[in-house]
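A.B. asks: So you can see what is in the structure, the chains are spelled out below.
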Amino acid sequence: MSLFKVLDIAGTGMSAQALRLNTTASNMANAETISSSTEQTYRARQPVFAATLNALGSENHGAGVQVRGIVESQAPLRRELNPAHPLADAEGYIYKPNVNMVEEMANMISASRSYQSNTEVAKTSKQLLLRTLSLGE
Amino acid sequence: MRFAMDKIMGLGQQALTIHSRRSEVLANNLANADTPGFKARDIDFQAALRQAKGETQGERLLTTNAHHIGSSGAAAGGIDGLIGELKFRTPSQPSLDGNTVDPLREKAAFMENALLYQTNLNFLSGKIKGIKSALKGE
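Here the protein sequences come in this chain order: A and B.
Following this note's numbering, the numbering of the first sequence begins with 1 at its first residue and continues without gaps.
Following this note's numbering, the numbering of the second sequence begins with 138 at its first residue and continues without gaps.
Excised from the complex, chain B in its bound form:
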């Protein structure tokens, strides 16, 4: 019998990857909280997960010539292909220097993302524990 580890893990691993990517993007927003002209960005988690499940391909730029620039995230395929394009955040309070980072919102999003990551870890951990006990057969 083929032991389909991927199937057991389900979408958990893709979700983990997307969450860790999202934490990168949010950390970048926070690091640039005082950079003039910086625009805050974020990952659309739902769209990214749908793309990971293979339901949608995600929008990408058509490249008909080798010199064309492909859309960055989607074109790369693999794990990068999971993310798709980053979306720009709509600023709630425009600032004079053109920066759209709201540190409080970013911090809240980062914390939420960290919690979701841990939830995902717990699910995966439970699955691994289940497999372990099944293998032991005690």
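In isolation and in its complexed conformation, chain A is listed as follows:
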């Protein structure tokens, strides 16, 4: 019954978008996490999405979305001269994460909208299933 599959697909979509919201939250929470070297500094994280394909078989429809992994942004870190800071290194520099707040906000809104459309899909197919069950009553 493919309406059940719709629920599965919407589920994969929701979990992927929730993970995206999670990384965004983590990025925003750590936007001002200061450290004293480039290695220790937090870098913005983004999930990588990929379409799931059905196992080799007759069906050529996809089966939702999967998260391939999480990558760290390669953008340069913010280096500031602040010798008075307790975490400053020998040269008096502190390092701030490469989180771009504007980008993260846009990302968050996009993720929450996509999450919503997936929930709508799940809701609609649930209604359709229930109506199919009461066929002929």
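No lab work stands behind these hints: they were computed from the structure.
Remember, it's a predicted structure, so these values are computed and weren't measured experimentally.
Note that beta-carbon positions come from the ideal geometry of N, C-alpha and C, so glycine has one too.
Hints may contain errors.
[Claimed, not checked] Partial chain A-side listing against chain B, Cβ under 8 Å, derived:
| hint | residue |
| --- | --- |
| 1 | K5 |
| 2 | A51 |
| 3 | S73 |
| 4 | S125 |
| 5 | T132 |
Could you slot chain B onto chain A? The hints should help.
C.D. replies: Just chain B now, with coordinates in the frame of chain A:
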């Protein structure tokens, strides 16, 4: 007298199957709205229904050797054979990451599909009710 339930139901059941398959494809498009390089797909309902009625066989790849790959949908026969090949959507606004899903269009198509499914259900429901009252003979 043979009670030909299939005949009474007509194309309703095939149409329901195609609609539920289509909702699967559209849900998949929506789930992949943010996947780079994903190409939105859809079912050609008219062609699928024509195939279900047995008017056309649908295009399929010729397999002359056991190792050849058949065209996925049509080769499977049965319910899968109803669908035929999925068609790729023509993007209205190309995006930089190669994704061709337009969430608004997909949502509209999904809603339309859900409504058509319900319409079909109503027709089938009416037919079942008719049979029921005929059987009761009140």
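A.B. asks: Now tell me, hint by hint, if it's right for this structure.
C.D. replies: Hint check results:
Look at K5(A): its Cβ gets to within about 5 Å of chain B, closer than 8 Å, so that hint holds up. Using the Cβ-Cβ criterion of 8 Å, the hint placing A51(A) at the interface with chain B is satisfied: the shortest such distance is roughly 5 Å. With its C-beta approaching chain B no nearer than about 16 Å, S73(A) sits outside the 8 Å limit, and its interface hint is violated. Taken as an interface hint, S125(A) checks out: its beta carbon lies about 6 Å from the nearest beta carbon of chain B, inside 8 Å.
Satisfaction of the interface hint for T132(A) is found here, the shortest Cβ-Cβ separation to chain B being roughly 6 Å, below the 8 Å cut-off.
In the structure shown, a violation is registered for the earlier hint numbered 3 alone.
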